[in-house]
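A.B. asks: As a plain string of letters, each chain reads:
There are 2 protein chains.
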Amino acid sequence: MTTSRRMKLGASFYPSGYHVAGWRYPGAVPDGGINLAHHIEVAQGAEKAGFDFFFLADINGIWDPDIDAVSYTTWSAKFEPLTVLSALAMVTSRIGLVATASTTYNDPFNLARRFASLDHISGGRAAWNLVTSATASEAANFSRDSHPDHGDRYARAREFVEVVTGLWDGWEDDAYGFDRANGRCFDPAKVHRLDHRGPFFQVAGPLNLPRPVQGHPVMVQAGLSEAGRDLAAATGEVLFTAQPTLDGAKAFYRDVKARVVRYGRDPAHLSIMPGAVTVIGQTKSEAEDQIAALNGLLEPKPGLAFMSGLIGDTDLSRFPLDEPLPPLPKTEGPKGRQQLVVERARRDGATLRELYQSIALTSSHRLVYGSPVEVADQLEDWFVAGGCDGYNIAPAHAPQGFTDFFSAVVPELQRRGLVRTRYEGSTLRENLGLPRPATRYAAATEAEQTAPDPETIAS
Amino acid sequence: MTTSRRMKLGASFYPSGYHVAGWRYPGAVPDGGINLAHHIEVAQGAEKAGFDFFFLADINGIWDPDIDAVSYTTWSAKFEPLTVLSALAMVTSRIGLVATASTTYNDPFNLARRFASLDHISGGRAAWNLVTSATASEAANFSRDSHPDHGDRYARAREFVEVVTGLWDGWEDDAYGFDRANGRCFDPAKVHRLDHRGPFFQVAGPLNLPRPVQGHPVMVQAGLSEAGRDLAAATGEVLFTAQPTLDGAKAFYRDVKARVVRYGRDPAHLSIMPGAVTVIGQTKSEAEDQIAALNGLLEPKPGLAFMSGLIGDTDLSRFPLDEPLPPLPKTEGPKGRQQLVVERARRDGATLRELYQSIALTSSHRLVYGSPVEVADQLEDWFVAGGCDGYNIAPAHAPQGFTDFFSAVVPELQRRGLVRTRYEGSTLRENLGLPRPATRYAAATEAEQTAPDPETIAS
Chain A
1 MTTSRRMKLG
11 ASFYPSGYHV
21 AGWRYPGAVP
31 DGGINLAHHI
41 EVAQGAEKAG
51 FDFFFLADIN
61 GIWDPDIDAV
71 SYTTWSAKFE
81 PLTVLSALAM
91 VTSRIGLVAT
101 ASTTYNDPFN
111 LARRFASLDH
121 ISGGRAAWNL
131 VTSATASEAA
141 NFSRDSHPDH
151 GDRYARAREF
161 VEVVTGLWDG
171 WEDDAYGFDR
181 ANGRCFDPAK
191 VHRLDHRGPF
201 FQVAGPLNLP
211 RPVQGHPVMV
221 QAGLSEAGRD
231 LAAATGEVLF
241 TAQPTLDGAK
251 AFYRDVKARV
261 VRYGRDPAHL
271 SIMPGAVTVI
281 GQTKSEAEDQ
291 IAALNGLLEP
301 KPGLAFMSGL
311 IGDTDLSRFP
321 LDEPLPPLPK
331 TEGPKGRQQL
341 VVERARRDGA
351 TLRELYQSIA
361 LTSSHRLVYG
371 SPVEVADQLE
381 DWFVAGGCDG
391 YNIAPAHAPQ
401 GFTDFFSAVV
411 PELQRRGLVR
421 TRYEGSTLRE
431 NLGLPRPATR
441 YAAATEAEQT
451 APDPETIAS
Chain B
1 MTTSRRMKLG
11 ASFYPSGYHV
21 AGWRYPGAVP
31 DGGINLAHHI
41 EVAQGAEKAG
51 FDFFFLADIN
61 GIWDPDIDAV
71 SYTTWSAKFE
81 PLTVLSALAM
91 VTSRIGLVAT
101 ASTTYNDPFN
111 LARRFASLDH
121 ISGGRAAWNL
131 VTSATASEAA
141 NFSRDSHPDH
151 GDRYARAREF
161 VEVVTGLWDG
171 WEDDAYGFDR
181 ANGRCFDPAK
191 VHRLDHRGPF
201 FQVAGPLNLP
211 RPVQGHPVMV
221 QAGLSEAGRD
231 LAAATGEVLF
241 TAQPTLDGAK
251 AFYRDVKARV
261 VRYGRDPAHL
271 SIMPGAVTVI
281 GQTKSEAEDQ
291 IAALNGLLEP
301 KPGLAFMSGL
311 IGDTDLSRFP
321 LDEPLPPLPK
331 TEGPKGRQQL
341 VVERARRDGA
351 TLRELYQSIA
361 LTSSHRLVYG
371 SPVEVADQLE
381 DWFVAGGCDG
391 YNIAPAHAPQ
401 GFTDFFSAVV
411 PELQRRGLVR
421 TRYEGSTLRE
431 NLGLPRPATR
441 YAAATEAEQT
451 APDPETIAS
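Chains as they are written, first to last, in UniProt numbering: chain A, 1 to 459; chain B, 1 to 459.
Quick caveat, the hints were computed from the structure, so don't treat them as lab data.
Just so it is clear, CB atoms sit at the ideal spot from N, CA and C, and this is done for glycine as well.
Just to be clear, a hint being listed does not mean it is correct.
Derived, one-sided and incomplete: chain B residues facing chain A with beta-carbon distance under 8 Å [unchecked claim]:
hint, residue
1, Pro-30
2, Ile-62
3, Ala-77
4, Asn-106
Isolated chain A (complex conformation):
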C-alpha cells in the first residue's frame, strides 16, 4: 500500500447491469429496475462490502423517444429513485443512498422536503446527485417545447441549490425540542423564513421539517462541461465523471481540485469518483469472453439509439455501420460526453459499429476487466496515480457482476489496505470524511441571543 487515503466506492445500480443488453446475459435479472428483491440484494451486498453508497441514476422519461429502440432495453422500466431509496433505508443501516434528481424538472421546495425526509428516515444517509437533465424527450414530459439550453440549465441549477440548502438551513440544529410546560414544540427564534427572491425562484420557506440529520444531504454532481465543473467545485462533495484514459482523468482531477481551492474549500471535501464499468472473470480471458458474449447480445438498433442519445439526440441510423463516424452537429445535450465520443472516434479511426459496441458496454466510462486481482490492480493504479479518489462501480451485468465484485475484488482491495473493513460512522457524511455544514443562521442567532427577545421561547 502506497497511500493512506481510502478509496471511495459507490455501487452504481442499473436495472440489470450497465451494458445496453446486460439483461440478456445468462443469470442477469431481466426486470431489475422494478424488482425490489434485486435492489435489496445489491444494496445489502454493497453494505456488507463496506461501499460508501448505493447510487441510482435517473432520467425523467424513457431513455429515447423511439419506443421500439427502447423496447430492446430494460432501463426504461424502473422505480423513481427517491421512492425506492426510502424503502431501501429500512433494510440497510450504514450505506449511503444517492438519488439522482433534476433541477430542470423539479421544484426546489418539493425536492428539499423529499431529501430532508429521506435523510431523517435513513438516519443521515441521503445524498442528492444533482443533474440538469440532458435529453429533449424529457422536456416533452414537462409541458416544454424544447429542452432549455445548457447555460440556462446551469444558471437555474445554481439558484436551485441556493434555495434547497437555504431551506435545509432554515431550522437551526437545536431549534426542535419540546417544552410541555410552555407549550412549544420548537424555538420560533431558531426557525427562519428563507424569503428567497431570484430570477428563477421566489421561495418563502421555512421547510416543514427540522434540519436534516447531516445538516445537508451529501451533494453529488456529474458535470464534465466548464459550467458543470464549476458548479461542482462551488457546491459538490462527490463528483461523478466519465474518464476513459488515465491522462484525461489526471488532468480532470487537477483541474477540478484547483477550482475547489479557488472557491476557498478543502480539496479533500470533493471526492472525484469516475465510473468504472467492471467485467470480472476467473481469468482475463474469461472476462473477455463475457464482453464478446455481451457484444453478441447487442442488436444494432438499441446500440445506435443509445449512442445517439448519449451524444445529444443525433440520429445516427442514416450512417453506414462499418465506416468511420461523420462530423456531428452541435446539440444542447451533454457537451462533455459528445466531445469524448468524437475524440475517441478520431483517435481510433473507429467505425460506427465498433463505437456503438464500445459505448453500449461503457458509455464513455473506463472499462476495468480481468481476474479479481487484475481488476484490483487497475483500480489501484489510477487511485495512486492521482486520477481519482475512488470509483462508482457499474458492473456490465447484474447481479453477478456485483456479487463477484463484493466477494472477490473487495477482499483483495481490503488486503491492500485500500478500502475499509468496517464503517467509521453512521452517516454518509461521516463515512466520506465530510464536514457537517453549519447553518447560515447560526452566527446571527448567537448575536441575537445576547439581547433576548421576551417573545421568544427563552422567556
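Given the coordinates of chain A, work out where chain B should sit on it, guided by the hints.
C.D. replies: For chain B alone, coordinates are given in the frame of chain A:
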C-alpha cells in the same frame, strides 16, 4: 348486525394526534411527525386491526405563516408523505398507503411516476389523496405571488388527473415481458405515447415504468365544495369529508352518490368516509376528562391561528375571545369548511374561544367519544343510517388513541360483524371492493392486432 355492508376504516395519522395540543397530552409522542418508529407502530397496529388504509394528510409548508403560532404545534415537523410511505411499505404487507399530494404544486409526470413506483414497491397498496391545496402560504413556496383561485385549481386538477391516469395507462398490462431470443424487454406495440395537449399541460409520455399493480393507484379526494364533489363523483374512489351532523352527512352522502350515478359509475365504487375524531376512555366521563385536559393544554395563540387558517387565512386575533364570531370576509381558501364553521357559530351562538377550542379538537369533523362500546355505537349509527360507508379515524392524541381503538373498539365492531377479521385480498383495490381499471388502449390494440405490423414484436 343490520347490514351486510362492511364499514371501511382508515387510520388518519397526524404526528401526535389530531388535537392542536395533542402532543402535550400525557403519553403522546411529541415528535411523532419525524419519529419513524411511531409511524411503524401505528401502521402495523392498524394493519393488525384490519384497517383499509394508513393515511397521511399534507400541506406544502408550515401550516401558518406565523412561525410563532406554528411553534406551539408539532404538525409542521413531518416527513413528506410519499417518502415515508415507501419506507412503511417494507414493514407492512396488506394495509393501503394513502399519500396526500397537491395538483397545484406538483407536476403530473413526476407524481405519476412516484405513485406508480409506490404501487409497485408495495405490491398494489398505493392511493393518492388528491388535493388542490388550500393556503396562500403554500403559494409563496412555489414562486407564486398568490394562491390560484378555486375555479382555476379545480380546472387544473381535472386535467392533472387526466394526464396522470393517461400515463399509468400508457403501458398495457401485458406489455412488459421478456424475450431473450429476439432481445425485447417489452412489446413496443403495447406501450403508448400520451401526447396530451391541454390548457395546463403538454405531456408526451410514456412513463418509464410499467403499469401500476392496481392499474391505477386508488383515487382519494376530499372536496366539500361543488367543484370538489363533482371531481370526486367523476374520478374519486374514496371521498374524505368533514361532517359534524348526521343530517348533513346524509344529505352529502345522497348528493354525492347521485352525482356518481350521473357520471355513469356504480355508487358502490366511491366510498364516502367522513373523519371521526375519537376520544376513548374506560367510561364516557373518562373520555370527557380527556377532552377537558386537552382544552387545558391549548394556548389561545395556536387555537386562534389554526381556526384562522382553516377558514381561509382570516386573521382572528383582533376579535374579542368571549364574544360571538363576527361576519367573515370571502377568501380563496377551502370554501366548504368556512361555511361549516360559520353555520355552526350561528347555530350555537358560540364565542370565539368556544369555537377555537372545539375546532382545535375536531377541525370541523365529527367528534366520537366515550367508552369503546359507546364509540362503536356512534360509528354504527351513521353507517346504518346512510351517513357514510366508513370512517377516517383520527384520535385526538397518539399513539394511545390509536392503541385503544385497535384493541377495544375494533373487536367490538368485529363482534357486530361490521368490520373485517382478515383481509380479503392483497391489493388496496381488492380490499376496498374496487374494480381494477382497464387501460384506455386495450381495445385499440386488440383491433390493431388483427392486422399485424411486421415491425412489432409479433414479427
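A.B. asks: Please list, smallest to largest, the hint numbers that this structure does not respect.
C.D. replies: none
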